[in-house]
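Peer 1: As a plain string of letters, each chain reads:
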Amino acid sequence: MRSMKLKIVFIVCIPVLAFGLSLVAGPKMINPFSADDISREILFSIRAPRSLVALLMGMALGASGAVLQGILKNPLADPYILGISSGASLAAALGIMAGAVFLGTFTIPLLAFIGALITGSIVGIMGWKRGGLWPERLLLAGVGLSFLFSALLMLFMSISNDEGLRKAMLWIFGDLSMSEWSKIPYGVIFVGIGVLMSLSRAKALNALILGDEFAHSLGFSPHKERFILFVAVGLLTAASVSLGGMIGFIGLLVPHIIRFFIGSDSRLLIPCSALIGGALLCVADIISKSVLPPMELPAGIVTAIIGSPYFLYLLRRKNVLSI
Amino acid sequence: MFSASEPKILELRTISFSYTRQRPLIRELSLSVGEGEFIGLLGANGSGKSTMLKLGSGILRPSRGNILLWSKPLHAYHNRDRAKLISYLPQMLDITAPFTIRELVGMGLYPYDIPPAMSVDSALEMVGLQGKASAYLADLSGGEKRRTFIAMTLVQGAGLLLLDEPLANLDIKYQIELVRLLKTLRNEKNISIVMALHDINMALQFSKVMLVKDGAILGVGSPEEVLTDALIQDAFDVRVNIMRQTDGSSYIHYGDNA
Numbered sequence: 000m001r002s003m004k005l006k007i008v009f010i011v012c013i014p015v016l017a018f019g020l021s022l023v024a025g026p027k028m029i030n031p032f033s034a035d036d037i038s039r040e041i042l043f044s045i046r047a048p049r050s051l052v053a054l055l056m057g058m059a060l061g062a063s064g065a066v067l068q069g070i071l072k073n074p075l076a077d078p079y080i081l082g083i084s085s086g087a088s089l090a091a092a093l094g095i096m097a098g099a100v101f102l103g104t105f106t107i108p109l110l111a112f113i114g115a116l117i118t119g120s121i122v123g124i125m126g127w128k129r130g131g132l133w134p135e136r137l138l139l140a141g142v143g144l145s146f147l148f149s150a151l152l153m154l155f156m157s158i159s160n161d162e163g164l165r166k167a168m169l170w171i172f173g174d175l176s177m178s179e180w181s182k183i184p185y186g187v188i189f190v191g192i193g194v195l196m197s198l199s200r201a202k203a204l205n206a207l208i209l210g211d212e213f214a215h216s217l218g219f220s221p222h223k224e225r226f227i228l229f230v231a232v233g234l235l236t237a238a239s240v241s242l243g244g245m246i247g248f249i250g251l252l253v254p255h256i257i258r259f260f261i262g263s264d265s266r267l268l269i270p271c272s273a274l275i276g277g278a279l280l281c282v283a284d285i286i287s288k289s290v291l292p293p294m295e296l297p298a299g300i301v302t303a304i305i306g307s308p309y310f311l312y313l314l315r316r317k318n319v320l321s322i
Numbered sequence: 000m001f002s003a004s005e006p007k008i009l010e011l012r013t014i015s016f017s018y019t020r021q022r023p024l025i026r027e028l029s030l031s032v033g034e035g036e037f038i039g040l041l042g043a044n045g046s047g048k049s050t051m052l053k054l055g056s057g058i059l060r061p062s063r064g065n066i067l068l069w070s071k072p073l074h075a076y077h078n079r080d081r082a083k084l085i086s087y088l089p090q091m092l093d094i095t096a097p098f099t100i101r102e103l104v105g106m107g108l109y110p111y112d113i114p115p116a117m118s119v120d121s122a123l124e125m126v127g128l129q130g131k132a133s134a135y136l137a138d139l140s141g142g143e144k145r146r147t148f149i150a151m152t153l154v155q156g157a158g159l160l161l162l163d164e165p166l167a168n169l170d171i172k173y174q175i176e177l178v179r180l181l182k183t184l185r186n187e188k189n190i191s192i193v194m195a196l197h198d199i200n201m202a203l204q205f206s207k208v209m210l211v212k213d214g215a216i217l218g219v220g221s222p223e224e225v226l227t228d229a230l231i232q233d234a235f236d237v238r239v240n241i242m243r244q245t246d247g248s249s250y251i252h253y254g255d256n257a
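Those protein sequences? They're chains A and B, same order as listed. Be aware that the first sequence starts at 0, since it is given in numbering that gives the first Met the number 0, and climbs by one per residue. Be aware that the second sequence starts at 0, since it is given in numbering that gives the first Met the number 0, and climbs by one per residue.
If you're looking for bench data, these hints aren't it; they were derived computationally from the structure. Among the hints, a few may not be true.
Said to hold, decoys possible - Now the stretches of chain B that chain A is said to cover, found in silico as 3 or more residues with beta-carbon under 8 Å:
{"id": "1", "segment": "45-59"}
{"id": "2", "segment": "89-97"}
{"id": "3", "segment": "105-117"}
To be verified - The calculated lysine-lysine pairs, modelled on DSSO-like cross-linking and capped at a C-alpha distance of 27 Å, are:
{"id": "4", "chain 1": "B", "residue 1": "Lys71", "chain 2": "A", "residue 2": "Lys223"}
{"id": "5", "chain 1": "B", "residue 1": "Lys172", "chain 2": "B", "residue 2": "Lys144"}
{"id": "6", "chain 1": "B", "residue 1": "Lys144", "chain 2": "A", "residue 2": "Lys72"}
{"id": "7", "chain 1": "B", "residue 1": "Lys188", "chain 2": "B", "residue 2": "Lys83"}
{"id": "8", "chain 1": "B", "residue 1": "Lys207", "chain 2": "B", "residue 2": "Lys7"}
{"id": "9", "chain 1": "B", "residue 1": "Lys172", "chain 2": "B", "residue 2": "Lys188"}
{"id": "10", "chain 1": "A", "residue 1": "Lys128", "chain 2": "B", "residue 2": "Lys53"}
{"id": "11", "chain 1": "B", "residue 1": "Lys83", "chain 2": "B", "residue 2": "Lys144"}
{"id": "12", "chain 1": "B", "residue 1": "Lys188", "chain 2": "B", "residue 2": "Lys144"}
{"id": "13", "chain 1": "A", "residue 1": "Lys4", "chain 2": "B", "residue 2": "Lys131"}
{"id": "14", "chain 1": "B", "residue 1": "Lys83", "chain 2": "A", "residue 2": "Lys223"}
{"id": "15", "chain 1": "B", "residue 1": "Lys53", "chain 2": "B", "residue 2": "Lys207"}
{"id": "16", "chain 1": "B", "residue 1": "Lys131", "chain 2": "A", "residue 2": "Lys72"}
{"id": "17", "chain 1": "B", "residue 1": "Lys144", "chain 2": "B", "residue 2": "Lys207"}
{"id": "18", "chain 1": "B", "residue 1": "Lys7", "chain 2": "B", "residue 2": "Lys53"}
{"id": "19", "chain 1": "B", "residue 1": "Lys188", "chain 2": "B", "residue 2": "Lys53"}
{"id": "20", "chain 1": "A", "residue 1": "Lys128", "chain 2": "A", "residue 2": "Lys223"}
{"id": "21", "chain 1": "B", "residue 1": "Lys131", "chain 2": "A", "residue 2": "Lys6"}
{"id": "22", "chain 1": "B", "residue 1": "Lys131", "chain 2": "B", "residue 2": "Lys83"}
{"id": "23", "chain 1": "B", "residue 1": "Lys7", "chain 2": "B", "residue 2": "Lys188"}
{"id": "24", "chain 1": "B", "residue 1": "Lys53", "chain 2": "A", "residue 2": "Lys72"}
{"id": "25", "chain 1": "B", "residue 1": "Lys83", "chain 2": "B", "residue 2": "Lys207"}
{"id": "26", "chain 1": "B", "residue 1": "Lys182", "chain 2": "B", "residue 2": "Lys53"}
{"id": "27", "chain 1": "B", "residue 1": "Lys83", "chain 2": "B", "residue 2": "Lys7"}
{"id": "28", "chain 1": "B", "residue 1": "Lys53", "chain 2": "A", "residue 2": "Lys223"}
{"id": "29", "chain 1": "B", "residue 1": "Lys71", "chain 2": "B", "residue 2": "Lys53"}
{"id": "30", "chain 1": "B", "residue 1": "Lys212", "chain 2": "B", "residue 2": "Lys7"}
Model, not experiment: these values are computed from the prediction. Quick reminder that beta carbons are idealized off the backbone N, C-alpha and C, glycines included.
Could you put together the complete structure from these sequences and hints?
Peer 2: Printed below as a string of structure tokens:
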């Protein structure tokens, strides 16, 4: 019990450290305690929003991976593999190209949320057979839809006008260097609600991992719980896609690391995956800023380079199909 | 069938159920479970045992008829309230879960805001798994896995356990161990238990048996009354002889079939 508390304290400290470090580190080291005016301006206008976006986005990815792997009882599940992210991206990109601004800075994340829900529903319908969700069917449906949505995105971009195209391109390949303070309010709201919703259903998620019949016997309505968790994943995916575009592997990778250290109880797994997801993206961002200055690598590339080998290692493991 | 004074926990009243429209799986089934009863639900594969247990636990809803839990319609209960009264354990031939035994048994507390009387530790002790609390499910034997989930139901505190083939794929030693444990629970905690099984020899050890075929009940009562050569031939489509010993015990003889 005591060692568990220590581990949790450790897990809470890591994102704090990573966040602090990502403020200080970069092409130019800034000491926040003896910063001149220019440095202070860089710190406040560039680095602080960027580090916050990295933290929030990583949290969204980590938590959504933990929830999806539980709902689907599959260690390979995350919003990217299931196509939910591409659906969210497509809806958001269409909004950007059309110049939609009806809800201010919340327009794009809301469109992404709708795209995520629609895609998730399609994947769910495709994966539903004989009264249950079939993980293999879900994954294949997700991969199929991803291809379709990427193709559609290319199609719309190739027929869109120059201004819309430029904006959408910037956004899709956009990485954390486009972070600004205006992203923080919706980021905090979407990620906050998504994580809290998931946490409030964490017991149900544990029961669902045992199976729908166990969940029912323990006093949960499996369909209702799965729906609530799915909406939470939609919010988290919409947030991550709107905050920084496509950054893969954090959702897949982080929950497995957390399981290794603190076990699979979703009440700890979800918040810890969120915290370490946030920390990992902050670290990836530090690396992307610092490896080849003044050039910046997109953080997505850094997480993929760390994540892909781990993904392959997972595939080789015998118990890869049990989470 | 039952004495009038015996309080009923669960009653299925002329219920019918089908997955598809063509073939009813359960036809006008009526059965009831009284307090402290230990019932073996015996039938061939596909006879409807699992479906009956799922209907009784509320996982499936009957297309016709009523199910009453403590005289109140089962589906009128809030999920969490029902979970405090009935616990259902599905077949777990290939169950995998990434949890420790303590975590699993602790899930029995989920329906509660205030923890009930039985603690996780005392439930683990009751099923003899106190030394395995930190082990993972995958590291346990088949018998220990079943006992883990029995401990979960103890923590859950339900007075009625519906168990779907808890003895399947267990070595005879673990089968006997598990039945002994369940009998102890019945005696000490007055828990009612209905368990599906398809081993006729095991059914002979029960004080009460329900014999099932094609979603209907062929007979209910003591093994002497129900497990007759003729009824077993009807239920299992095989000729057998039940050999009754002078000491009261009995066993099944397969005759020319084996």
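Peer 1: Measure nothing beyond the straight line between the CA atoms of A/Lys4 and B/Lys131; if it is 27 Å or shorter, mark the hint as holding.
Peer 2: holds, 21 Å
Peer 1: Please verify whether B/Lys53 and A/Lys223 have alpha carbons no more than 27 Å apart.
Peer 2: holds, 19 Å
Peer 1: Is the straight-line distance between the alpha-carbon of B/Lys131 and that of A/Lys72 27 Å or less?
Peer 2: Distance of about 24 Å is within 27 Å: holds.
Peer 1: B/Lys207 and B/Lys7: Cα distance at most 27 Å?
Peer 2: Measuring from Cα to Cα gives roughly 15 Å; hence the hint holds.
Peer 1: Does B/Lys144 sit within 27 Å of B/Lys83, going by the straight-line distance between their CA atoms?
Peer 2: holds, 22 Å
Peer 1: Are A/Lys128 and A/Lys223 close enough, with their CA atoms no more than 27 Å apart?
Peer 2: holds, 18 Å
Peer 1: Would you mind confirming whether the straight-line C-alpha gap from B/Lys172 to B/Lys188 stays at or under 27 Å?
Peer 2: holds, 24 Å
Peer 1: Could you grab the alpha-carbon distance between B/Lys188 and B/Lys53 and see if it respects the 27 Å cut-off?
Peer 2: Roughly 24 Å separates the two Cα atoms, so the pair holds.
Peer 1: B/Lys83 and B/Lys7 were given as a pair; does the straight-line alpha-carbon distance stay at or below 27 Å?
Peer 2: Between B/Lys83 and B/Lys7 the Cα gap is close to 17 Å, so the pair holds against 27 Å.
Peer 1: B/Lys188 and B/Lys144 were given as a pair; does the straight-line alpha-carbon distance stay at or below 27 Å?
Peer 2: Given pair B/Lys188, B/Lys144 holds - Cα atoms ~21 Å apart, limit 27 Å.
Peer 1: Tell me if chain A covers the segment 105-117 of chain B under the three-residue, 8 Å CB rule, please?
Peer 2: holds (count 4)
Peer 1: Taken at face value, is the distance from the CA of B/Lys53 to the CA of B/Lys182 at most 27 Å?
Peer 2: Between B/Lys182 and B/Lys53 the Cα gap is close to 22 Å, so the pair holds against 27 Å.
The structure is consistent with each of the numbered hints, conforming to all of them.
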